[in-house]
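Each chain is listed here by its residues.
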Amino acid sequence: MMTCNRIQRLIDEADKAEALPFVAASHLADCPACNRFAEERTKVRAFLSEMPRINAPTNFDALLKMRLAESKATRSFSWFTPVFAMRFGAVAAVALIAVLSAPYLSNGNVTPQTASSFTAGVFIPDRNAIRLFVEEVETSNQVNENGFGRTTVAAYSALGRGRRMPSAPKSINDFAVDGTPIIIQVDERETLSVPMMPVSVGAQQQMMMRSSRSAPKSLAVSF
Amino acid sequence: MGWMAIVTQQAQSVEVGSVKSIESASDHEILAAIREGDELAFQELVRRYRNPITNFIYRMLDDYERASELSQETFLRIYTSASRYEANYSFSTYIYRIATNLAISELRRRKRRRFVSFLSPFSDDNGDPVEIDPSDEKPLQDETLIDDERRKAVARAIKSLPEKYRAAIVLRDVEGLSYDRIAETLKLSEGTVKSRINRARNLLRDKLSAYM
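So the sequence lines, in the order shown, correspond to chains W and R.
Throughout the first sequence, residue numbering follows my numbering, covering 1468 to 1690 in sequence.
Throughout the second sequence, residue numbering follows my numbering, covering 1347 to 1558 in sequence.
To be clear, the hints were calculated from the coordinates, so they are not data collected in a lab.
Source: prediction; values computed, not measured.
You can trust all of the hints, since none of them are fake.
Among chain R residues calculated to face chain W with C-beta under 10 Å, some are: (1) F1388; (2) V1392; (3) R1405; (4) Q1418; (5) F1421; (6) T1426; (7) A1499; (8) I1504; (9) R1518; (10) Y1525.
Quick list of in silico lysine-lysine cross-link-like pairs, PhoX-like style, CA-CA up to 20 Å: (11) R:K1498 <-> R:K1553; (12) R:K1540 <-> R:K1510; (13) R:K1510 <-> R:K1457; (14) W:K1510 <-> R:K1505; (15) R:K1457 <-> R:K1505; (16) R:K1498 <-> W:K1510; (17) R:K1540 <-> W:K1510; (18) R:K1533 <-> R:K1510; (19) R:K1553 <-> R:K1505; (20) W:K1510 <-> R:K1553; (21) R:K1553 <-> R:K1510.
All residues carry an ideal CB built from backbone N, CA and C; glycine is no exception.
So that you can see chain R by itself, here it is in the shape it has in the complex (with noise of 0.2 Å):
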């Protein structure tokens, strides 16, 4: 019996219909449930994963409103291709892969159509439009708004990566992804992706060095 036929199988046994089984049910068998027009499991789908694909592709663009907006692409992609789905390998890999093109696709989409903004004529070393914020003058003693002033700082200095590496750095130090498994969802070798990943940390400690 092949691995598709087993998922499907153990899916109609667990019963899935049910609100209580199908949290404890595994992503390979609420996919097979999708796949059967199983509306429930498609909402037990997006609330396990909504929140860290949103996480994820606002550390890619740090834009919110379009984080959202790809996450919804990102589920409504499972969704319609569902059927073809091959399960080689885990879900949350498929997620995250599609997640990454998508968050990749805007980045490049964002680098052909530069613009400036009037309210903003300032660009980074990529041309994006940066925000002036002029630092204050006055000492800053408050802890809250050093930890403040360093979240955006590291916000700043993801955003000025390539997108490789940012993917790459993303994935392993935000989102805790093991080293296969993100050459599985880059669809690289290990050895690149530790590359990548050396080269993107260097980045970061050179910008952030005021902060070290």
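Here chain W stands alone, though its shape is the one from the complex (with noise of 0.2 Å):
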């Protein structure tokens, strides 16, 4: 047996009330909910469709073909547009960010900054970075040779709360040319340290790891 749901249902999707299955309009005759949901639909429909045609305008023709004529003449220069003027902004604009970024990008030497004078700059993340949520920021008064303090966090990866990250920590050393150290708490058992750039103390991060078998570098920072 139909509910009266799908009923208005039928009734709803029907074209005309003749229209409907045998099923729906046998019901019809025997629910007054469903039989006053028809005749408002009925109602309803012929209000929209009673609405007069409205014509376009005498000179529509005319107006059509002056502005096809501009548009051919406008093409001639097409090369030339405020999009393409945006397009190559856009271009040079993220040109301008990756050389920025290219060297808190590579393994080589970076100037160390102070935390305190340091501000975070904008990086491209690689696809295959793994995204970790940091829930603690604690920061060490304790600074290294490099002038570099150390800030340590727990996070957790979109992949789920205590997976472990494959990769194998190194000491501290080996990260301090590429900026603070950072120790990550991946799980009760086991840390894994990353590089970070300084930020400002107490600052919450995202940060952008690149996943993979050797030591993961943070490729992005964002607040």
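Dock the two chains into a complex; use the hints.
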């Protein structure tokens, strides 16, 4: 037996009242609610279909012809358009960002900066990177010989809390030239060290990390 | 032989250049001729669709002048992109899709640029200015006036619908397109189209309860 909901859906979807299935049509005879629904639907559809048809203005063809002629004229210089200028600007901006961030993405020597003076740069994240969501941040007052402080974060990845990062921790000295070393607690038993750009003390951070068998590397920072 | 090659061949055999045969040519044949640079074919296409497209966009926007402009824009896009048209679906689906996108873009543009008209300091639920139309104190006895008032109410009710419901209900109950054609036009599933039309009708029923 069909429910009223189902019957009303059939009423709504029918092209005409005569197109209703027999079971729906016979239901209407015994159901005041569905009957009322059918009447209201018929009226709403009639209101819409009876709306007067609007015609295009009499000068429509002439106006269209003018616009076509203008369009053909402007297409001669289509290579230099506001859209082209915007796209060129966007490409230039991305290239600039890549150039500025290249020193931080490479393993080469980086001029160390003190944590207090550093301004987080914008990095282009590796698509294979795994995003870590930082839960707790603890910054130590100790600094190493290069002037870097140490920030400890507890983080979990989008893959699931406690999931092991496929890498082997290295000594702190290996990361000293890249930035402030970070210890990430992946689970209760293991910790993982990754380099991270020095940031303002107390700032909440997200990091994009490359997942690989070698030491993970910070690729991007956002706040 | 591919579909497009077949259409082109048919266009050549129908002699699309003559007035008599052009009127009996299919939309695909007309478009193939347009691609070859046939201006008469384009004029025929405009003749066939300028009124329904203008009517559709008008029902979406409730603005005749802008509807006429966007209808012209629709044909402009048809003309300039004729070479890229793929005959995977009916041409009417294609042209209604362009018109729908233009109308919805216009609606969104208007939302971003809300302004208060000096003539109408009042706005509806969507923030669009509405004209003040104080009801006449005298009882309406003329059937024509009643019908006219109801048509205005229906137009206002359509205008108050969210754009995604508005497009579906106008295509269905004003333009008379089938569910599968509407689904193609809006790039939605038939189920979604039916759902949106159902909701639109529910909203319209509530807004037009005085005329029920």
